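The chain contents come next:
Protein chains: 4
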Amino acid sequence: MIGKKTWIIPDGFLQPKSIGNQISHEAVCVLNLTDQLAEIQLTFYFEDLEPMERFFSECGSERTHHIRLDKLTDQQGKEVPRDVPYAIKVDSTVPIIVQHSRLDTSQEALALFTTMGFPIE
Amino acid sequence: MIGKKTWIIPDGFLQPKSIGNQISHEAVCVLNLTDQLAEIQLTFYFEDLEPMERFFSECGSERTHHIRLDKLTDQQGKEVPRDVPYAIKVDSTVPIIVQHSRLDTSQEALALFTTMGFPIE
Amino acid sequence: MIGKKTWIIPDGFLQPKSIGNQISHEAVCVLNLTDQLAEIQLTFYFEDLEPMERFFSECGSERTHHIRLDKLTDQQGKEVPRDVPYAIKVDSTVPIIVQHSRLDTSQEALALFTTMGFPIE
Amino acid sequence: MIGKKTWIIPDGFLQPKSIGNQISHEAVCVLNLTDQLAEIQLTFYFEDLEPMERFFSECGSERTHHIRLDKLTDQQGKEVPRDVPYAIKVDSTVPIIVQHSRLDTSQEALALFTTMGFPIE
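Chains as they are written, first to last, in numbering that gives the first Met the number 0: chain U, 0 to 120; chain B, 0 to 120; chain V, 0 to 120; chain E, 0 to 120.
Worth flagging that the hints you see were computed from the coordinates, not collected in a lab.
Note that the structure is a prediction, hence the values are computed from the model and not measured.
Among these hints, one or two may not hold up.
It does not matter which identical chain is meant; a pair holds if it fits inside one copy or across any two.
[As the list claims (entries may be wrong)] Derived lysine to aspartate or glutamate pairs resembling DMTMM-like cross-links, with alpha carbons at most 20 angstroms apart:
{"no.": "1", "residue 1": "K70", "residue 2": "D47"}
{"no.": "2", "residue 1": "K3", "residue 2": "D34"}
{"no.": "3", "residue 1": "K70", "residue 2": "D82"}
{"no.": "4", "residue 1": "K4", "residue 2": "E120"}
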């Protein structure tokens, strides 16, 4: 099976400021090459708060899902907080591949970064 | 043999907008250190559509190829769609090393990102 | 246990110039998924100077810490030097996951980059 | 021994244009944690030309070296060509850790990207 069921992203941050017509955001980009639906749980870790564990998403078989963290809500309707450093653990019911990207439009021109998640055996 | 035959890139996106004299694009950058031609197939996965599988490229022995995804066409002349999230699987007949980069010139100044592909054993 | 106790980041640099309201900086972003406090030592390596070894930080259990390198001081109050290339070794008493990011605001618009650290077995 | 003796970077490019007081460039950033000098050979691979193999550099024990590719010359005084896609193989006499970064100042604001090299066993 291609991929891993758990991935880690230590550097998460939702830039609160956006200039122009693109919103500052992050995305957890998933590819599911199995023949089953991937049920995905995202846990957010903070510097001074208890983890938030109740965020869920999914990715179909042979589909990608670029999960927008600025649009994600947990089971109680809570959003991922902006302007606070966090880290992310991504757990899936089937093996997936995970990449994390940030778009920052807080100044006159946008900035982008990306990295593969760190896969857990 | 140096490299792997299959590589995954979950975060693909062709920015539709370009400002200035550089076109927003992505490249799948390949290095082939074997003594044979690498015949390369690229499969594109989407959020709500069936995968597009008929994209082919190649890379000579001891050569690099920075495959421009905005210039790639499949066997029917179809282009990789712009303004739609996708993921990429790269399959090669011989082991290669794969890196993926994006240039975004949608605002007044360009942005760049890059990551190694995720190698499949 | 999830993660590794030692991580390497070869490309470190604190941009001396900042424009606008964001300071150019780097962060070593740590996630600790163990049930113990991670006591962290950072060693900085230079091109022409002896390493600086006396920088310490920490990360609680189930917490992240985005360690700002522009704010870090060693046991004698010394800062990480700006405008000098360096590399970083991160050692932790328990397994952690480490990502490194740079914000550069030296020109009219900011630039960002990131990568996972290189884990040592 | 920490690190590997061979590293691959598929996406190399020296942007020919620079605006402002920072020159567009790339760096191969090396950390040497062994107790011996690392003698380093860089080979550049192109899309349509034979590889250039005669580039040498070094990195002392417990030192980093951010090898500027825009300043590197081979044994005949040749520079790495600008405005041409290339890939890089880095070979060292002792294990090292390698990260690759690009600074692009071709538009009004700079852009940065980075990734760890791909280590060869």
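Looking back at the hints listed earlier, which ones does the structure fail to meet?
-> none
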